Amino acid sequence: MRIGKAIAALLALAACAAIALLSGPAGADPDIILNIRVPRVLAAALVGAALSVAGAILQGVLKNPLADPYIIGTSSGAMAGAAGAAWLGLGPLSPLFYLLVGGGGLGATAAAYRLARIKGRTSGVAMLLAGVAVSSFLAALVMLLVSLDRGRGLPLLSFLLGTVRAFEPAALAALAGVTLAGSAAAALLGRQLDILSAGEEGAVRLGVPVERMKLVLFSLAALLTAAAVAVAGAVGFVGLIVPHAARRLFGPRHAGLVLYSAACGAGFLMLADALARTAAAPAELPAGVITALAGAPFFLFLLRRGTAEERR
Amino acid sequence: MNARARDTALLEFNGVSYSYNGARALDGVSFSVGRGELLSVFGPNGSGKSTLLRLACGALKPATGAITAGGRPLEGLTPREQSSLAAYVPSEPYIPFDFTTLDIALMGRSPLLCWWRDYGPADRAAALRALESCGIAPLAGRGINSVSSGERQLAFLAQALAGGAPLLLLDEPTSHLDLKYRSAFFETLATLRAGGLSAIVVSHDLRLAASYSTSAVILAGGKVLFNGPASDAVRPGLLAEAYGIPPEAAARLA
Numbered sequence: 000m001r002i003g004k005a006i007a008a009l010l011a012l013a014a015c016a017a018i019a020l021l022s023g024p025a026g027a028d029p030d031i032i033l034n035i036r037v038p039r040v041l042a043a044a045l046v047g048a049a050l051s052v053a054g055a056i057l058q059g060v061l062k063n064p065l066a067d068p069y070i071i072g073t074s075s076g077a078m079a080g081a082a083g084a085a086w087l088g089l090g091p092l093s094p095l096f097y098l099l100v101g102g103g104g105l106g107a108t109a110a111a112y113r114l115a116r117i118k119g120r121t122s123g124v125a126m127l128l129a130g131v132a133v134s135s136f137l138a139a140l141v142m143l144l145v146s147l148d149r150g151r152g153l154p155l156l157s158f159l160l161g162t163v164r165a166f167e168p169a170a171l172a173a174l175a176g177v178t179l180a181g182s183a184a185a186a187l188l189g190r191q192l193d194i195l196s197a198g199e200e201g202a203v204r205l206g207v208p209v210e211r212m213k214l215v216l217f218s219l220a221a222l223l224t225a226a227a228v229a230v231a232g233a234v235g236f237v238g239l240i241v242p243h244a245a246r247r248l249f250g251p252r253h254a255g256l257v258l259y260s261a262a263c264g265a266g267f268l269m270l271a272d273a274l275a276r277t278a279a280a281p282a283e284l285p286a287g288v289i290t291a292l293a294g295a296p297f298f299l300f301l302l303r304r305g306t307a308e309e310r311r
Numbered sequence: 000m001n002a003r004a005r006d007t008a009l010l011e012f013n014g015v016s017y018s019y020n021g022a023r024a025l026d027g028v029s030f031s032v033g034r035g036e037l038l039s040v041f042g043p044n045g046s047g048k049s050t051l052l053r054l055a056c057g058a059l060k061p062a063t064g065a066i067t068a069g070g071r072p073l074e075g076l077t078p079r080e081q082s083s084l085a086a087y088v089p090s091e092p093y094i095p096f097d098f099t100t101l102d103i104a105l106m107g108r109s110p111l112l113c114w115w116r117d118y119g120p121a122d123r124a125a126a127l128r129a130l131e132s133c134g135i136a137p138l139a140g141r142g143i144n145s146v147s148s149g150e151r152q153l154a155f156l157a158q159a160l161a162g163g164a165p166l167l168l169l170d171e172p173t174s175h176l177d178l179k180y181r182s183a184f185f186e187t188l189a190t191l192r193a194g195g196l197s198a199i200v201v202s203h204d205l206r207l208a209a210s211y212s213t214s215a216v217i218l219a220g221g222k223v224l225f226n227g228p229a230s231d232a233v234r235p236g237l238l239a240e241a242y243g244i245p246p247e248a249a250a251r252l253a
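In order, the protein sequences belong to chains H and C. Residue 165 in numbering that gives the first Met the number 0 sits at position 166 of the first sequence; the count goes up by one each step and never skips. Residue 202 in numbering that gives the first Met the number 0 sits at position 203 of the second sequence; the count goes up by one each step and never skips.
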């Protein structure tokens with residue numbers, strides 16, 4: 000049963016990759032596939048996986064199926080970092096750009112965590128509220144920068160909507176490293192994440208070092224999100240719906256959920272990006288628009304379909 | 000208490016006091032639980048019952064007085080030792096994700112495992128045995144949110160059992176259950192007690208809990224009002240004093 004599901008997930012992932020590689024205005028030209036589409040599809044897969052794993056972690060820690068990488072301020076922080084870099088005239092080719100995006104994401108998450116910390120404890124609800132506040136504040140800052148300087152602001156706007164871009168191999172390698180290591184670490188912590196997601200007071204009694212574990216998990220989610228934002232901007236909806244869908248299809252245990260979320264997220268964003276490239280060719284749509292357009296109805300479909308358990 | 004009983008006490012409170020930010024919750028509380036004993040803790044809301052349980056599982060440290068487990072101070076035990084001594088059953092747990100009943104029971108094995116390990120065959124067997132002793136083995140594959148609240152409460156009892164701790168701490172385990180499951184829950188506890196387990200049960204089901212208990216403690220305002228055989232605890236005079244109700248009303252409860 001478990002092996003069957005794993006094989007099904009891998010086959011679906013391979014199918015998504017094949018579709019994404021073969022679709023495009025130039026058809027199936029081997030040169031274009033190898034030199035242009037392979038890095039692009041790989042980037043889309045990694046961004047989708049990173050955002051989905053971050054979402055699965057956050058939904059578990061915050062005990063809230065509607066949590067995602069945006070809600071605790073990580074994405075806004077990373078976007079603010081990107082806006083700051085753009086304002087300084089730094090583009091995605093400069094290493095400093097990645098430093099600012101990563102620092103922004105981690106910094107905003109740390110700020111939300113610190114603000115939510117009352118008497119040595121960080122409750123899930125407080126973290127959500129602090130995250131929303133940090134998020135809104137930083138999003139407003141970014142908008143302010145865009146409005147003040149339209150010349151630099153317009154390219155930033157497409158970044159804000161979420162667009163998988165062509166990149167340097169180094170950035171892609173960094174994203175791959177963060178995604179693989181982050182997913183593996185989250186899967187190893189799956190048992191503790193299960194217990195945390197069932198309530199913090201119970202988790203203390205079941206020997207989970209709750210505060211330390213939350214710090215580790217929030218850091219993992221922030222790192223994964225920042226890496227994804229650095230490459231593709233703010234691609235919405237993936238981190239929210241993919242873990243939700245994976246939970247419906249594969250069950251709630253996080254060790255598996257994290258890995259299935261990675262696979263589903265990779266497949267989803269590869270397809271969304273392929274559609275973004277081809278739907279209005281030669282113009283390109285932001286992938287974030289596609290994920291939201293496709294994601295919302297799919298999310299509702301899954302919600303109404305019932306859980307895997309109920310169908311058995 | 001004689002010396003022999005002291006030796007065999009699983010858990011003993013000796014003059015334990017605790018305050019939350021200056022507000023005294025427990026004041027000089029002493030009692031003990033031996034092997035195979037079922038101790039009921041009664042008292043009005045805010046009398047310190049939940050504080051007593053939190054102290055008993057090591058989540059809080061006493062301000063004054065001592066808590067000993069098998070003669071050793073509870074504070075000196077590692078978290079792992081504490082969880083292998085006593086397991087906690089919450090009241091009306093809410094789980095946002097639909098774990099199976101077996102998953103819930105398996106979580107009770109977690110304190111025994113190294114941080115990165117997943118549950119093994121031995122853990123699975125122990126969790127299934129625990130579900131079996133609670134009479135809900137057929138529900139192992141069902142989602143915890145798709146079973147009845149009585150069955151859910153039994154699943155959390157199974158979680159506490161799965162870790163193999165000799166002492167169960169139960170916080171109003173039957174407060175939201177119907178008569179059928181109240182009865183089933185206490186019958187399960189009685190069977191477990193016959194097998195050598197001990198338990199501290201905080202409950203508002205006075206008569207039901209007392210009839211299954213060996214001893215009882217009544218708290219009022221953080222102090223022990225009564226400590227003795229369970230059969231002597233549910234008396235109108237005592238209840239009137241503890242809960243601050245007229246004696247005629249207390250007579251109807253006792």
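It is worth saying that the hints were derived from the structure and are not from the lab. Computed from a prediction, not measured in an experiment: that's the story for all the values here. There could be a bad hint or two in this list.
[Stated by the list, open to error] Covered by chain H, according to a simulated footprint, are these stretches of chain C (three or more residues, beta-carbon under 8 Å):
hint	segment
1	10-19
2	83-93
3	98-107
[As the list claims (entries may be wrong)] Here are a few chain C residues that sit away from chain H, every Cβ distance over 12 Å (derived from the structure):
hint	residue
4	G57
5	A58
6	T63
7	P78
8	G142
9	F155
10	Q158
11	A159
12	K179
13	R181
14	A183
15	L207
16	T213
17	G243
[Claimed, not checked] Just a few of them, taken from the derived set where beta-carbon distance is under 7 Å, the chain H residues facing chain C:
hint	residue
18	R190
19	S196
20	L205
21	G206
22	P251
Ideal placement from N, C-alpha and C gives every residue a C-beta, glycine not left out.
So, going through the hints one by one against the coordinates:
{"no.": "1", "hint": "10-19", "verdict": "violated (count 0)"}
{"no.": "2", "hint": "83-93", "verdict": "holds (count 5)"}
{"no.": "3", "hint": "98-107", "verdict": "holds (count 6)"}
{"no.": "4", "hint": "G57", "verdict": "violated (9 Å)"}
{"no.": "5", "hint": "A58", "verdict": "violated (6 Å)"}
{"no.": "6", "hint": "T63", "verdict": "holds (22 Å)"}
{"no.": "7", "hint": "P78", "verdict": "violated (5 Å)"}
{"no.": "8", "hint": "G142", "verdict": "violated (4 Å)"}
{"no.": "9", "hint": "F155", "verdict": "violated (9 Å)"}
{"no.": "10", "hint": "Q158", "verdict": "violated (8 Å)"}
{"no.": "11", "hint": "A159", "verdict": "violated (9 Å)"}
{"no.": "12", "hint": "K179", "verdict": "holds (24 Å)"}
{"no.": "13", "hint": "R181", "verdict": "holds (22 Å)"}
{"no.": "14", "hint": "A183", "verdict": "holds (22 Å)"}
{"no.": "15", "hint": "L207", "verdict": "holds (25 Å)"}
{"no.": "16", "hint": "T213", "verdict": "holds (25 Å)"}
{"no.": "17", "hint": "G243", "verdict": "holds (29 Å)"}
{"no.": "18", "hint": "R190", "verdict": "holds (6 Å)"}
{"no.": "19", "hint": "S196", "verdict": "holds (6 Å)"}
{"no.": "20", "hint": "L205", "verdict": "holds (5 Å)"}
{"no.": "21", "hint": "G206", "verdict": "holds (4 Å)"}
{"no.": "22", "hint": "P251", "verdict": "holds (4 Å)"}
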